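Engineer: Below, each chain spelled out in residue letters.
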Amino acid sequence: MSATRPRILELGRVGDPTLRHDGVPKVTGEFAYSSDLHAAGMLWGKTVRSPHAHARILEIDVSEAVRLPGVHAVLTHEDVPGRKTYGLEFPDQPVLAIDRVRYFGEAVALVAAEEPEQARRAAAAVRVTYEPLEPVTDPERATEQEPLHPDRPTMPREGGHGYRSDPRPNVVRHMVIRHGDPDAAGDVTVSGVYDVGSQDQAFLGPESGLAVPDGEGGVDVYVATQWLHVDRDQVAPCLDLPPEMVRIHLGGVGGAFGGREDLSMQVHGALLALRTNRPVKIVYNREESFVGHIHRHPARIWAEHRATRAGKLVSVRMRILLDGGAYASSSTAVTSNAASFAVGPYAVANALIESTCVYTNNPPCGAMRGFGAVQTCFAAEAQMDKLAAELGIDPVELRLLNALGPGDVLPTGQRLAGVLPVAEVIRRAADLSPPEAEELPREAIRLPGGAGNTTRGEGVHRGVGFAVGFKNICYSEGFDDYTAARVMLHADGSAEVHCAAAEVGQGVTDVILQVARTELGTDEVRLAPVGTAHVGSSGSASASRMTWMAAGAVQLACRAALEERERTGRAEIDVERIYRHATTTPLDPETGQITGERAHVSFAVAAMRVVAEVDVDLGLTRVVWIGTAQDVGTAVNPIAVEGQIEGGTAQGLGLALMEEIQTRDGLITNASFTDYLIPTALDMPPVESVLVEDPEPGAPYGAKGVGEPPTVVSTAAVVAALRDATGRELTRVPVRPDDICL
Amino acid sequence: MKISVRINGEAREADVWGGDSLLTALRDGFGLPGSKNACEQGECGSCSVLLDGELVCSCLVLAAQADGHEVTTVEGLAAGGELHRVQRAFVEAGAVQCGFCTPGLVVATVDLLERAPSPSDDEIREALSGNLCRCTGYAKIFDAVRLAASP
Chain S
10 MSATRPRILE
20 LGRVGDPTLR
30 HDGVPKVTGE
40 FAYSSDLHAA
50 GMLWGKTVRS
60 PHAHARILEI
70 DVSEAVRLPG
80 VHAVLTHEDV
90 PGRKTYGLEF
100 PDQPVLAIDR
110 VRYFGEAVAL
120 VAAEEPEQAR
130 RAAAAVRVTY
140 EPLEPVTDPE
150 RATEQEPLHP
160 DRPTMPREGG
170 HGYRSDPRPN
180 VVRHMVIRHG
190 DPDAAGDVTV
200 SGVYDVGSQD
210 QAFLGPESGL
220 AVPDGEGGVD
230 VYVATQWLHV
240 DRDQVAPCLD
250 LPPEMVRIHL
260 GGVGGAFGGR
270 EDLSMQVHGA
280 LLALRTNRPV
290 KIVYNREESF
300 VGHIHRHPAR
310 IWAEHRATRA
320 GKLVSVRMRI
330 LLDGGAYASS
340 STAVTSNAAS
350 FAVGPYAVAN
360 ALIESTCVYT
370 NNPPCGAMRG
380 FGAVQTCFAA
390 EAQMDKLAAE
400 LGIDPVELRL
410 LNALGPGDVL
420 PTGQRLAGVL
430 PVAEVIRRAA
440 DLSPPEAEEL
450 PREAIRLPGG
460 AGNTTRGEGV
470 HRGVGFAVGF
480 KNICYSEGFD
490 DYTAARVMLH
500 ADGSAEVHCA
510 AAEVGQGVTD
520 VILQVARTEL
530 GTDEVRLAPV
540 GTAHVGSSGS
550 ASASRMTWMA
560 AGAVQLACRA
570 ALEERERTGR
580 AEIDVERIYR
590 HATTTPLDPE
600 TGQITGERAH
610 VSFAVAAMRV
620 VAEVDVDLGL
630 TRVVWIGTAQ
640 DVGTAVNPIA
650 VEGQIEGGTA
660 QGLGLALMEE
670 IQTRDGLITN
680 ASFTDYLIPT
690 ALDMPPVESV
700 LVEDPEPGAP
710 YGAKGVGEPP
720 TVVSTAAVVA
730 ALRDATGREL
740 TRVPVRPDDI
750 CL
Chain E
16 MKISVRINGE
26 AREADVWGGD
36 SLLTALRDGF
46 GLPGSKNACE
56 QGECGSCSVL
66 LDGELVCSCL
76 VLAAQADGHE
86 VTTVEGLAAG
96 GELHRVQRAF
106 VEAGAVQCGF
116 CTPGLVVATV
126 DLLERAPSPS
136 DDEIREALSG
146 NLCRCTGYAK
156 IFDAVRLAAS
166 P
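Those sequence lines, one after another, are chains S and E.
The first sequence finishes on residue 751 if you use my numbering, and the numbering steps up by one all the way, no holes.
The second sequence finishes on residue 166 if you use my numbering, and the numbering steps up by one all the way, no holes.
Everything labelled a hint here was simulated from the structure, so no lab data went into it.
A quick note: this is a predicted structure, and the numbers were derived from the prediction, not measured.
There's no promise every hint is true.
What the hints assert, rightly or not - Computed list of lysine to aspartate or glutamate pairs in DMTMM-like fashion (alpha-carbon distance at most 25 Å, straight line): (1) K17(E) to E126(S); (2) K17(E) to E69(E); (3) K17(E) to E124(S).
The task is simple: from the sequences and hints, build the whole structure.
Structural biologist: Here's what the structure looks like:
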């Protein structure tokens with residue numbers, strides 16, 4: 010690899026490799042993350058959490074805690090002045106547990122004290138008397154057990170998106186996609202049962218924030234989050250305040266990956282700040298972060314694929330069971346996404362897909378990069394390989410034979426419009442050449458087991474795997490998905506952009522600035538501090554949507570500002586515009602078929618080839634090389650796109666090989682980086698990535714989101730390589746050592 | 016208790032609790048939040064600093080142990096308004112995303128290049144394997160190290 014200085018611009022425009030606007034403060038340590046914030050007179054908040062996965066609360070005694078030195082407040086559910094619950098789809102999660110706890114680590118009480126150690130001691134002194142209850146931990150039995158949310162409303166907050174209420178206990182959502190004649194017979198049938206463990210987002214910056222009372226009954230919350238306005242709209246009712254009295258500001262975000270879509274400390278910090286009339290800072294430690302946020306849904310998937318002798322898919326049947334854990338979070342949408350992308354980017358005339366998410370007393374699950382498509386991609390791609398083996402067809406050829414093409418119809422009935430270059434992405438990835446197998450003997454660090462020096466290579470088998478994955482871009486199924494941007498032009502020729510899009514590390518700030526420079530034709534552009542007070546909602550930094558949506562909104566606002574100046578001749582201009590992508594409509598609640606032209610506005614596809622080595626004596630692996638091609642529309646900032654592909658690939662590799670939240674009777678047993686492993690510098694191979702640029706007609710500049718496809722595909726691709734190396738079926742991720750010992 | 020530490024070339028004093036880690040003292044006592052707290056178990060390397068020139072996880076060192084010693088944090092690397100070449104390389108190679116791991120990785124890379132001015136790819140991987148990054152997949156971090164090592 011060369012060490013030549015890359016040609017990157019400091020003030021790039023759309024399409025230029027552009028330096029991060031926050032790069033310098035991040036390398037010098039000056040960048041203020043939400044955990045770095047301070048305010049004069051600040052108190053430290055601490056959350057009292059449940060040690061049980063399921064229990065009745067008999068009594069909460071705070072009398073000892075309030076008397077401890079430095080303590081200013083101890084709060085329980087009785088101190089929540091407004092709505093006692095919140096949630097993205099169903100407001101089913103208590104701000105502080107009321108009469109029952111439903112998961113290990115559920116928030117029960119809050120304390121605020123002068124010093125962190127005083128807050129910790131006060132939290133330990135809150136006496137909660139629990140009556141432990143039998144936890145519901147087996148998702149397959151959950152629908153026959155006692156309901157965990159007997160009083161849950163039957164429909165979600167926003168009124169539906171194709172949701173159908175289910176009479177069985179503990180069903181968060183059940184949906185069916187029925188297309189054509191799922192009973193259609195093929196020449197060959199392959200089937201399998203696949204399991205996916207629960208993955209943690211494991212962002213490095215734990216949940217944290219600072220809540221500052223404004224002295225007039227309102228509050229400012231500085232927090233690491235993915236969607237400021239939806240935080241505000243959940244926090245304000247709980248505080249019994251109008252939304253304008255709650256201002257959410259983006260604190261520096263240390264990674265997100267879906268794990269910051271739900272509230273963490275926002276309401277808690279605001280409650281403490283308003284009660285004490287002092288700024289209150291809350292910072293989770295790593296253990297609290299693991300138990301305090303939602304995870305990727307563990308899944309069990311039953312799949313049956315039928316095909317002709319020539320390899321054309323005839324029918325796909327899939328049953329997907331997702332463990333949603335204790336609260337709904339975004340499970341309704343994950344359930345639907347898992348179903349919508351279950352088949353993969355292949356044309357099939359007949360399909361029956363059932364997707365069910367249940368409540369249990371396991372850790373709550375919600376959004377994580379890939380959002381349901383990761384789980385089904387793992388199953389579907391294993392099935393495609395099984396089919397290839399059964400038919401004696403090359404796995405890449407089989408995928409090309411079935412690749413979705415222009416005008417093809419998805420199992421939801423949606424006809425592909427726009428750009429989705431499935432076959433090209435497959436060919437480009439398949440054309441990448443992996444390195445030759447390295448001779449033995451070699452340095453231990455380049456063998457499975459690495460510097461542990463466990464082998465000289467005697468039991469090492471090499472395998473090559475291939476997989477394809479796809480996913481939607483932007484919010485779907487009738488959701489009113491929009492982004493606001495405000496542009497101010499000044500007399501001196503400079504411009505200021507307001508957009509509430511959350512910079513979570515992905516580089517959306519640079520996208521916004523690149524678009525504004527491009528549209529306004531000037532480098533004198535600055536981005537205003539990000540908050541809810543001065544601009545409308547941006548929507549969430551998720552669903553691979555933020556580049557598309559922020560680019561659309563900033564482009565629109567810039568053009569409107571220039572037009573306004575042209576029309577009025579005024580030197581100072583201030584305009585705000587809202588961008589919406591093409592309308593989507595919900596799926597039919599009975600058949601899962603589209604009810605309008607489209608349920609999803611766009612899709613992106615990635616294909617990946619992986620070379621891995623397995624020490625079949627010890628069950629150790631080493632991923633040697635990864636080559637991938639991805640459909641990106643237009644790369645707004647190519648260096649950031651590569652970064653998303655490399656990082657997203659690492660997260661999928663982690664799920665394939667090592668990452669799993671482990672529980673015993675609902676209690677998390679590995680809430681630390683000692684026990685929950687994520688890929689290190691020694692685990693990641695070189696990733697060769699090809700950006701397939703074919704502009705998406707409906708998208709600003711033709712740009713698609715790029716964050717999720719690499720994570721969707723890489724778990725499947727890595728496991729395919731391990732299957733090739735070992736000959737084992739490997740139906741479960743993460744793959745464990747005993748699965749690959751021969 | 017009072018401790019005296021030479022931090023980034025400057026003699027500093029702070030009043031710390033006996034149980035505080037050096038990381039806590041740096042962040043909350045000395046007002047240097049550049050070193051990050053991501054695990055407090057020495058697993059992630061986000062709090063890496065140089066203690067008397069030796070790379071340590073400051074979360075695993077008691078503040079009291081640093082009394083009378085010299086500490087270099089990420090805030091002390093840029094000199095006279097100029098970024099350290101390692102910092103510049105991280106920016107230019109696109110090695111920064113969310114950046115929470117960056118201070119630790121920058122300090123660990125400075126330490127690596129002190130010991131091995133032209134490290135091999137294996138040496139880079141080994142040296143940085145104690146620093147977790149969740150965003151980048153490490154590829155551009157390796158590029159940054161090579162860039163910083165190049166003449």
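Engineer: Could you run down the list of hints and mark each one as holding or not?
Structural biologist: Checked hints:
At roughly 18 Å between alpha-carbon atoms, K17(E) and E126(S) fall within 25 Å of each other, so this suggested pair holds. The straight-line distance between the Cα atoms of K17(E) and E69(E) is roughly 23 Å, inside the 25 Å bound, and the hint therefore holds. A threshold of 25 Å between alpha carbons decides the hint, and for K17(E) with E124(S) the separation of about 17 Å falls inside it, so the pair holds.
Violated hints are absent here; each numbered hint is respected by the structure.
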